[in-house]
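S.K.: Starting from the structure of chain A, add chains B, C and D with the ligands where the hints point.
Given next are the chains, with one letter for each unit.
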Amino acid sequence: MSNDSHHEENFLQKYIFSVDHKVIGLQYGITSLLFLFFGFCLMMVMRWQLAYPETSVPIVGWLLGESDILMPEIYNMLGAMHGTIMIFLGVVPLAVGAFGNYIVPLQIGAPDMAFPKLNAASYWSYFIGGVIMLASFFMPEGAARSGWTSYPPLSIFETGQTTWLIGMVFLITSSLLGSMNIIVTIVQLRAPGLSWFRLPFFVWAQFVTAFLLVLAFPPLEAAAVLQLMDRVAHTSFFLPSGLVYSGATVDVYGSGSPLLWQHLFWFLAHPEVYVLILPAMGIVGDVIANNTRKPLWGYKSLVYASVFLGFMSFIVWAHHMFLTGMGQAMSAFFQTTTMIISIPSVVILTAFFISLWGASIRFTTPMLFALAFLPMFGIGGLTGLPLGVGASDIHLHDTYYVIGHFHYVVAPGTIFALFAGIYYWFPKITGRKMSEALGKLHFWPSLIFMNGVFMPMFIQGLAGVSRRLYDGGQLYAHAQDVLQWNEFMSISAFCLAAAQIPFIINVFVSMFNGEKVDRNPWGATTVEWSAPSPPVPHANFEGDVEVYRGPYEYSVPGADKDFSPQTEK
Amino acid sequence: MQIPYIVEERPDTGLNNSKLGIWVFLASEIMLFGGLFSAYVFLRMAAPVGDFAYWGSKLSIPMATFNTIVLISSSVTVIMSWASLKMKDFEKYKMYMGLTLLCAFLFLVVKYFEYTGKFHHGIYPSSSTFMGIYFTLTGLHMLHIIGGMIVMGYFWLPFGNKMWQSDPERFTNRIEVAGLYWHFVDLVWIFLFPILYLL
Amino acid sequence: MIDILHKLGLPINMSVQGAAIDEINAIVHWLMLVLFVGWGLFFIVSLVKFRASKNAKADYTGVKSHLSSLLEAVVAVIEIVILFGFGFPIWAARVTDVPTPDESIHLRVVAQQFAWNVHYPGPDGKFGDTRADLVDEQENPVGLDRSSDNASDDFYTVNQLHVPVDKKIRIDLTSLDVIHSFTLTELRVKQDAIPGMVIPVHFTATMTSDEFLKTTIGSKREGKSLEIACAQLCGLGHYRMRGFFTVHDDGGYQSWLDEQAEYLEEESGEDDWGDDEDW
Amino acid sequence: MSDHDNGHIQEHIKVYLTVFGALGALTLLTVAASYMDVSTTEAIFLALTIATVKASLVAGYFMHLITEKHTIIWILCLTFVFFLFCMFIPMITTIDHASLS
Ligand code: HEA
Ligand code: HEA
Ligand code: CUA
Ligand SMILES: [Cu+2]
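Chains as they are written, first to last, in my numbering: chain A, 1365 to 1933; chain B, 215 to 413; chain C, 157 to 435; chain D, 241 to 341.
Okay, chain A solo, but in the shape it has when bound (with noise of 0.2 Å):
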């Protein structure tokens, strides 16, 4: 682990097989941006399905094959890829990756991560894992299609279901590398006076995220190798006896379990809806102190609440499973963990609202979407309470009431969460603020079409409408009365598009003619702020570092400035 800063690094050591946390942080973020924009391409023809079922595809018809109609088949591909490249290559390369990569170091006062040549190991098992997943689409069996819970035994004999189970081993070891560097780095590299209860919030919230993934990830991997025996070696660890395929008995030993998957996939897939959530949580919490001049309210809550969550999330995974015939006794016992869980969410965000009270806020963009993350966020987390109640989820359980619920915890809820990440750090990676104007033109139409997107889905949902259906529910009696709703949404999507161009617009403008800023634009308390913008290539900060104070010591009685940071006497 050479970190010798003195001699001189050509191209590719510097920008692409780098060791510095900042330089891999800036590729996790780019390549997981990008990502994120192809999944919403993938939705933006199937929300053209949904609305003007199987008519021509504009503009990438062509892409379809034979006729410019998206077909069922490519319809369940590009749904499962779209929920694969949205939470496993778009939103936690960029929570965890680029941000917490990033801004972790930074923040604790650390030169770089504790294992640089693992954080690279990371960052290119990830980007394998991405190659894997798009090459898919050009393979003969095409992408995965079987959703991107990947149930068997459907997942065992739909095609394409091999390559995306090596894609995910690399995004898994990947994910795995990240955060277990997190963890030490956090444990082992604070700055000298910053004790655990002296942590911005947006540490803590990946410390417990990183505990998540290490700890809920592996028996996923142990999973996606059992399904890819089945697939390969023909075993039958998913696939029970007695089944009969497209009209042939199918030659397995059997006695395996379908359920066996679903066990091990929401093992993961829970605890990994708040590792979602949880880094978002962070951004905004710096935020709204930043933005409000005041310290967050009840910050040792939130730590302990942020903690709890990170606990309760492993056992509660089963509410994904109600309806595959579980009892009373185990049916309760989730129900009662769910509701638990919904709790310290509930205190996380009062905590926040609370903070807003007796503050003085400012408006900024990234503010903005750190506010409009508050409702969003409680939209989708207090539509989760009837699916969490086993009775009432027999009623919304695969419907859209359930796409809705989650879209908005990870859409207006996380995405804008990181978009306020974004607009909040980016002149301490570029030096430049971002347009305001520009950041304002993106918010406000955002917000709209978000809601115009996902609200009406809980409509269909209560109407029973299921999802991952190819026609919207064309040929459904009972969905008849909200088909209206379909065209609405797809409009909203498109235009939710056109939304984000002010925001790409604004990203490339910016980074060479923003507004110069110094170290310290937002008169920001936090550790990073008194690095230099960009901060130092391999060290960070300029000297020492030594911390003195909590991270929100804002408009501090008796102080000259109103905001006191914490590297300051």
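Just so you know, the hints here were simulated from the structure itself, not pulled from any lab data. Be a bit skeptical, because a hint or two may be false.
Ranges between beta-carbon positions, derived for each pair [to be verified]: (1) C:Thr-252 to A:Asp-1615: 31 to 39 Å; (2) C:Asp-253 to A:Gly-1425: 47 to 55 Å; (3) C:Glu-293 to D:Trp-314: 56 to 64 Å; (4) C:Val-219 to A:Ala-1801: 29 to 37 Å; (5) D:Ile-335 to A:Pro-1504: 38 to 46 Å; (6) C:Pro-257 to B:Leu-413: 35 to 43 Å; (7) A:Ile-1423 to C:Lys-282: 39 to 47 Å; (8) A:Asp-1908 to B:Phe-373: 27 to 35 Å.
The beta carbon of each residue, even a glycine, is placed where N, CA and C say it ideally should be.
M.R.: For chains B, C and D with the ligands alone, coordinates are given in the frame of chain A:
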């Protein structure tokens, strides 16, 4: 700027980076094998009564017992190699590490005969759920053995000499970490042995 | 609240057990609404009141009261009440208190890509044996062994589920190939059909199909009767895995059964049902 | 790590060799036990108990867990708890299924 606590311990945690790192890694390994053990139990319950025991009886207990002893011995030799470094005896380290590698190799050879023996009798992972999980668990365990051999082999070859001369503290540290990993591989086998062969 | 949910798209309920599900859905949505509106108001008031242009200097301490902890505790208590008072009992009534075959009309549903096969026990009320190796898409989708006991009067339909009104119905649900999810939206019935498992579902319809159709007059679904939907992704035909569901009055059900028995006789006249080799 | 002088190490080595002996003996014991004529439950209980003892010896002495720092002990306890969840909850759930077969 140098990353702190690579070799020396951080005063408040009493740990160096790689020590903590390896334990976090092992924690994730526990969950990996935990997932597989969970699958084993689940499948055993789903299978017809006696099915697992019937197929399990096709495995060779003597071979596995021998392998268990081999792995346990390698655990001892690896810790002896670390202890030798602590006592600044590089030659002894070389010998013990060589023995460890030898044990690992022996384990693989026995495993090779076990596998091919099964194949000759027409037994493959697809033959039964038990055989499926047997091949998966032992196969994954073997991959861990091979991984460990690569790391330890790296430190055993001439490269080790150089590092020992330039930075003995760090080298000892590396061996300790590699040893921890190796003990874990041994530990997994301690559970695999009874659940696959004896029950 | 239930009216609001109906306005939002929730279809009317037509099973005895479904009423409780609507009830808990309404209760939870009340809780959600109260929380959302409560916090929403606080949120908006704070944003307006404490904007920088109006309140230039922030207050270091902020809110001192511990009202919020109380609030959180109240939310927790309400959730406990919802669970113990409603959630668990309703789950028990809906899912686990399955009527025995004797006290109910007993059917089997065997899902497959992409159809619902319904197996009726016939007049004797008992099912013949089924075997996977006898399954034939066209001739014998449920794999019925005609030579087994009780099998001779069994019959099956594809994508047609007929039941009488006001009777306890019990369906033993399974699947031949992949996981499906058996859904009767208007009866608030949903249950995954999992290969290798037989899971019982039960319900009592409170309305016949004809009565139901009357309630749809004037809406967009006018004239479209009840259906079985598949809720779980089961392959490329998932979206069209639709079955038809008919609730008869007592007389209607009996005459439908008689009709089926006649078909069965006609068919067995042409074909020797007892002979496995032909299948 | 200078607190380990040679004498210390010598003592450690003695411990390692004792543990080695114990592990070997326990291996033979568990094999012998598997030939004993006991019920399946008893056999499982016996085999797993012996395996746990062996594993504790390896973890405690070879991996020095008994003298390890709090941070590591805590992480492992946490992992162990989740391991138990992962093992037992799916198992209990299968038993509790409303399914008939
Ligand atoms: C980031 C992701 C995320 C988050 C945070 C959550 C949070 C929660 N989720 Fe969600 N969930 C998903 C992502 C997420 N979920 C995904 C992806 C799926 C579907 C997977 C699939 O099948 O494909 C899913 C599915 C899902 C199901 C399965 C549904 C089904 O398939 O039938 C259930 C059931 O219990 C559930 C419950 C919950 C609960 C109780 C919470 C709770 O943690 C929520 C707690 C939060 C609150 C209670 C809000 C508190 C806020 C306030 C009180 C303030 C009010 C606000 C204002 C007025 C401004 N979720
Ligand atoms: C993190 C997770 C995530 C995110 C963010 C999204 C975002 C979106 N999702 Fe997705 N979705 C899932 C996860 C996610 N989804 C999952 C898991 C499923 C289930 C799959 C399954 O059935 O198996 C699903 C399913 C799903 C469906 C249901 C399909 C079906 O059941 O048949 C629909 C339907 O409308 C949908 C729509 C959308 C839309 C319109 C967005 C929009 O909000 C997208 C908005 C995106 C952005 C705003 C990104 C913009 C990024 C940029 C502009 C980058 C700029 C680039 C540079 C600067 C370089 N999604
Ligand atoms: Cu059957 Cu979907
Ligand atoms: Cu969940």
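S.K.: Take the hints in turn and mark each one as holding or not.
M.R.: A quick look at each hint next to the structure:
1. C:Thr-252 to A:Asp-1615: 31 to 39 Å: At 36 Å between Cβs, range holds.
2. C:Asp-253 to A:Gly-1425: 47 to 55 Å: This hint holds: roughly 52 Å between Cβ atoms.
3. C:Glu-293 to D:Trp-314: 56 to 64 Å: holds (58 Å)
4. C:Val-219 to A:Ala-1801: 29 to 37 Å: holds (34 Å)
5. D:Ile-335 to A:Pro-1504: 38 to 46 Å: Hint holds: Cβ distance 43 Å, inside 38 to 46 Å.
6. C:Pro-257 to B:Leu-413: 35 to 43 Å: Holds, at about 38 Å.
7. A:Ile-1423 to C:Lys-282: 39 to 47 Å: violated (60 Å)
8. A:Asp-1908 to B:Phe-373: 27 to 35 Å: The hint (27 to 35 Å, Cβ to Cβ) holds, given that Asp-1908 (chain A) and Phe-373 (chain B) are roughly 34 Å apart.
In this structure, only the earlier hint numbered 7 is contradicted, and the remaining ones agree with it.
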